[in-house]
Amino acid sequence: MPADRPSQILPPAGREEHLFAVALLFPCFAFVGLFAFYPILSSVYLSLHRIILGLPGLAQPFVLFDNYRQLLGDPVARHALGNTLLFVFVTTACEMVLGLVIALVINRSFRGRGMVRAAVLIPWAIPTVVASQMWRFLANDHYGFLNYLLFGSDLPAYRAWLADPFWAMLMIMAADIWKTSAFAALIILAGLQTIPDELHEAARLDGASAWQRFWRITLPLIRPAILIALLFRTMDAFRVFDLVFVMTQGGPADGTNVLQFYGYKKMFAEGLMGYGAAVSVLVFAVVLAVSLLYLKFIGRDILKEGSR
Amino acid sequence: MRGLHRLGFLLLVLAILAASLFPFLWFVLTSLKTQVEVTAIPPRLVPSGSLAFYRAALQEYNLLHFMKNSVIVAGFSTLGTLFLSLFAGYALARLRIRHKPLIMGSLLLVSMFPQISIAGPVWRILDQLGWLNTYQGLIVPYITLTLPLGVWIMTGFFRELPRELEDAARVDGCSHLQTLFKIIVPLAAPGVFTAAILVFIYAWNEFFFALLIMTQQPYQTLPVGIALFQGQYTIPWGEIAAASTMATVPLVLLVLLFQRRIVRGLSAGAIKG
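Protein sequences appear in the order of chains G and P.
Take the first sequence: its position 260, counting from 1, is numbered 260 in the working numbering, and each next residue is one higher.
For any residue, its number in the working numbering is found by taking its place in the second sequence, counting from 1, and adding 308.
Simulated from the structure, these hints should not be mistaken for lab results.
Treat the numbers as computed from the prediction; the structure is a model and nothing was measured.
From the three backbone atoms N, C-alpha and C, an ideal C-beta is built for every residue, glycine too.
Fair warning: there could be bad hints in the mix.
[Unchecked claim] Estimated spans, in silico, between C-beta atoms of each pair:
id, chain 1, residue 1, chain 2, residue 2, range
1, P, Phe489, G, Val76, 26 to 36 Å
2, P, Thr347, G, Leu150, 12 to 22 Å
3, G, Asp164, P, Val354, 43 to 53 Å
4, G, Ala203, P, Leu320, 16 to 26 Å
5, G, Leu34, P, Glu368, 33 to 43 Å
6, P, Arg432, G, Val76, 18 to 28 Å
7, P, Ala476, G, Leu219, 36 to 46 Å
8, G, Leu205, P, Arg406, 45 to 55 Å
[What the hints assert, rightly or not] Some chain P residues judged to face chain G by a derived CB distance under 8 Å, without partners named:
id, residue
9, Val321
10, Ile324
11, Leu340
12, Gln343
13, Val379
14, Gly383
15, Leu387
16, Ser393
17, Arg404
18, Gln436
19, Val459
20, Ile509
21, Leu520
22, Gln524
23, Ser552
[As the list claims (entries may be wrong)] Stretches of chain G that chain P covers, calculated by requiring three or more beta carbons in the stretch to come under 8 Å of a beta carbon on chain P:
id, region
24, 134-148
25, 259-266
Take the sequences, apply the hints, and build the full model.
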């Protein structure tokens, strides 16, 4: 788009324009600096101290890497890390596939498409806490619809899904996939809409089948959209908290404990601010590593937009 | 073959519709049942249309109170974020600044932070300010967390606006500030509106920080209220379903009315070119 080219008529940016730009950006970065960047650094600082909420008399001694050493030997933390990675992998994979299918469907023109698009958006718009309660109820051992659907009136067969680590994790994943596939679909849809119709038309005239057109035209052209959706979904999946808090509280037997929930419990339920901060630094490091890995592959696609 | 194809497509659309709508619909139906119907095994599919759970949610569980808090917090967060992103977005789209990729990139980074990695220090700052269990204590973090989204949408929006009007105003001798307020702000309404919907939905739904910061019931927002709903002996499913339905209705209305804007807003900046 030509809109961002420097103006042809005006003189080059002067001092005044720079000052104006700084004034416009300053308030925004004051917020972000104070409540996002400073806290990250502060988390690192806190993680090197022993800080216990509610026991201010204990002072807050500097303990260097004690918290991290403890973290390395903490089986629950290791378990939570594993659960988180599993959750991120399974949900993002499913969401990308479902998102692609949904996007392909709502990109076609048919009667009632607007309604279908709105319907698909509803799970995305529902508060996660509400979605969590909904899925918790669907999975209820007595009154849940899932049991009814699978076993009808065969009451002895009814299962307490959320009381079993494997099934509880699966239910949380299902709830997440249900709620956020639409987001991936919308990002991919935006990519689909940039493909000119003529391209498919021409390929069709040349005798390409629908299958060939999908693999040779559609998929390569929406690659950037798919990668961006993947990036956003991955980062968001690392934040999973609401579903776990409402549906299982991390149980049974830490079967659904994830890093964000574990860190929350350490810090705010047990008051171990320093140790919790070490957990949160670990989460940040994992997320940063993953996002740098992504950016290495797709960074150009994303930042191109911001830098023009 | 062609007919078969269309049938397949129709079935796919129906499957997507059913999967998207059924779980929530089931909760809505639950909210309209009586206690006996909720605990019926096998479940009763059609409710008797009782409003008892709504009455209980409103009266015994103080739902209006949570709703008021949510309106205040989400409302002011949206106003604050939009005010700031309007200006920042304009600067990033139009003014000649160095390090633009760095600025955009750092905002993107903020939107990717896992909340837990800033939770402790944010809590401590708010504690020192005496802002725990206050509205501003939640509004300020929400503004911070929604700024990337707001700025990203506004920047994308301004980029697509033709720049002739501003150039003309500048040539006519308007200062930067005058151009901004006389030309840009009036033109920005559609972009602001799109961003407002998305930021509002985020703030209305946010749970993690609300849980940390609002530990006392008088200040808790709807998600916290609904997550902590507790009966004396059993889980009050009917009341939870009724409260959930009421908390979700405003969002469903937003989606139905502004589906196009939401679709465009979410993909703004993410994909172009």
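Results of checking the hints against the structure:
Our hint of 26 to 36 Å for P/Phe489 and G/Val76 is violated, since their Cβ atoms are close to 55 Å apart. Evaluation of the 12 to 22 Å hint for P/Thr347 and G/Leu150 yields a pass: the beta carbon distance comes to about 19 Å. The hinted window of 43 to 53 Å between G/Asp164 and P/Val354 is violated, with their beta carbons roughly 31 Å apart. Checked against the hint of 16 to 26 Å, the C-beta distance between G/Ala203 and P/Leu320 comes to roughly 23 Å, which is consistent with it.
The hinted range of 33 to 43 Å is satisfied by G/Leu34 and P/Glu368, whose Cβ atoms lie roughly 40 Å apart. In this structure, P/Arg432 and G/Val76 meet the distance hint of 18 to 28 Å, their C-beta atoms being roughly 24 Å apart. For P/Ala476 paired with G/Leu219, a C-beta distance near 44 Å keeps the hint of 36 to 46 Å intact. A hinted range of 45 to 55 Å for the beta carbons of G/Leu205 and P/Arg406 is consistent with their spacing of about 49 Å.
Contact between P/Val321 and chain G, as hinted, is supported at the beta carbon level, the nearest pair being about 6 Å apart and thus within 8 Å. With a cut of 8 Å, the hint placing P/Ile324 at the interface with chain G holds, because the nearest CB-to-CB distance is about 6 Å. Given the 8 Å rule on beta carbons, the hint for P/Leu340 is violated: about 14 Å separates it from the nearest Cβ of chain G. Interface restraint check for P/Gln343: the shortest CB-CB distance to chain G comes to about 11 Å, outside 8 Å, so the restraint is violated.
With its C-beta approaching chain G no nearer than about 14 Å, P/Val379 sits outside the 8 Å limit, and its interface hint is violated. For P/Gly383, the shortest C-beta to C-beta distance to chain G is roughly 16 Å, which exceeds 8 Å, and the interface hint is violated. Hint status for P/Leu387 relative to chain G: violated, with the closest Cβ pair at about 14 Å, above 8 Å. Given the 8 Å rule on beta carbons, the hint for P/Ser393 holds: about 7 Å separates it from the nearest Cβ of chain G.
At its closest, the beta carbon of P/Arg404 sits 4 Å from a beta carbon of chain G; the interface hint therefore holds under the 8 Å criterion. The closest approach between the C-beta of P/Gln436 and any C-beta of chain G is roughly 12 Å, which is over the 8 Å cut-off, so the hint fails. Taking 8 Å as the C-beta contact cut-off toward chain G, the hint placing P/Val459 at the interface holds, the least distance being around 6 Å. Annotation: P/Ile509 was flagged as interfacial toward chain G, and the flag holds, the nearest CB pair being 6 Å apart, inside 8 Å.
Given hint, P/Leu520 at the interface with chain G, holds; its Cβ is 6 Å from that chain's nearest Cβ, closer than 8 Å. Because the beta carbon of P/Gln524 sits about 14 Å from the nearest beta carbon in chain G, more than 8 Å, this interface hint is broken. Given hint, P/Ser552 at the interface with chain G, holds; its Cβ is 4 Å from that chain's nearest Cβ, closer than 8 Å. Counting residues of the region 134-148 of chain G whose CB lies closer than 8 Å to any CB of chain P gives 9, which reaches the minimum of 3, so the coverage claim holds.
Counting residues of the region 259-266 of chain G whose CB lies closer than 8 Å to any CB of chain P gives 4, which reaches the minimum of 3, so the coverage claim holds.
Checked against the numbered hints above, the structure breaks hints 1, 3, 11, 12, 13, 14, 15, 18 and 22 and satisfies the rest.
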